[in-house]
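Engineer: For the sequence shown, position 143 (counting from the first letter as 1) is numbered 143 according to the working numbering, and the numbering increases by one without interruption.
Just so you know, the hints here were simulated from the structure itself, not pulled from any lab data. Every clue listed holds true.
Simulated pairs of lysine-lysine, PhoX-like, Cα-Cα distance not exceeding 25 Å:
id, residue 1, residue 2
1, Lys25, Lys113
2, Lys247, Lys225
3, Lys181, Lys225
4, Lys81, Lys110
5, Lys247, Lys218
6, Lys198, Lys225
7, Lys110, Lys87
8, Lys262, Lys82
9, Lys218, Lys198
10, Lys204, Lys181
11, Lys87, Lys113
Restraint ranges, calculated between C-beta atoms of paired labels, are given here:
id, residue 1, residue 2, range
12, Gln267, Asp77, 33 to 41 Å
13, Arg217, Glu16, 52 to 60 Å
14, Pro22, Gly201, 51 to 59 Å
15, Gln79, Gly194, 20 to 28 Å
16, Lys13, Asn40, 17 to 25 Å
17, Lys225, Gly264, 14 to 22 Å
18, Gly264, Glu16, 51 to 59 Å
19, Asp77, Phe161, 20 to 28 Å
20, Asn260, Pro34, 44 to 52 Å
For every residue, glycine included, the Cβ atom is placed at its ideal position computed from N, Cα and C.
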Amino acid sequence: MIQNQAKILVLNKIHETAVISPNAKLGKDVEIGPCAIIGNNVSIGDGTKIGANAVIDGWTNIGRNCRIHAGASIGSDPQDKKFIGEKGYVRIGDHTHIREFVTINRGIGKGRKTQIGSNCLLLAYSHVAHNCMIGNHVVMSNAVNLAGHVMVEDRVTIGGFARIHRFVKIGRNAMIGGFSKVVQDVPPYIMVDGNVAKIAGLNKIGMLRAGIEEATRKVMKRAYKLLYYSGLDTGQALEAMEQDLPKSEELESFTAFLRNSKSGICQRVSKQKR
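Can you make the complete structure from the sequences, with help from the hints?
Structural biologist: Shown next as structure tokens:
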């Protein structure tokens with residue numbers, strides 16, 4: 001056991017005050033800072049760096065070339081009264097950057113997981129509760145709070161101090177304004193803002209940055225107007241989109257999201273309240 005620990009220390013840059021379980025699996029070129037704690041069932045990919053005083057515990061798998069900053073807590077028990085100590089997981093993809101004092105809880109329910117994709121950026125004091133599913137290229141600004149079972153699709157940006165209600169789903173390329181309180185689903189390519197969050201427009205800049213072609217962006221603008229400004233209900237708007245608009249992957253993701261929404265979708269501010 002001592003021999004194995006010595007081998008790990010040689011292969012990686014590990015501070016002498018770090019506490020690492022002999023059962024933890026560390027890839028090549030892993031760096032672990034002062035007083036960090038790495039638990040029994042943790043796996044850390046090649047090139048990942050763990051900051052001072054970070055705690056990585058539970059059944060946690062972290063990908064390659066990630067950066068975990070000081071004081072982060074990953075894989076801790078879910079904050080839920082239903083939790084009875086069952087085995088749950090945390091999965092984090094490659095090239096994800098987790099800043100100071102971020103907390104990520106493992107899944108509740110035997111074999112269930114909390115998952116964060118690749119190339120994500122979670123800024124300081126953000127919280128990801130149990131069973132959340134976060135896609136790739138997601139940005140969560142400072143002190144964003146996700147309740148349990150939230151789903152965030154690819155390339156979503158969430159402004160600082162936003163709070164997302166449990167079971168809410170946020171569609172791809174959506175943008176959430178800072179300090180927003182989101183209690184209903186946010187369709188793809190949409191911006192929302194406020195307490196309670198309301199529609200604030202189409203995320204044109206987000207679509208442009210994602211490399212979506214101009215012709216497709218124009219189609220999504222028409223879809224957005226059908227949904228929110230045509231006077232049609234959601235079912236009628238979906239029917240109009242399918243009949244009148246050119247097919248594309250982006251439109252399909254938009255219509256599929258609307259069909260599958262269980263929490264209802266965020267609405268626009270009514271004229272009477274403007």
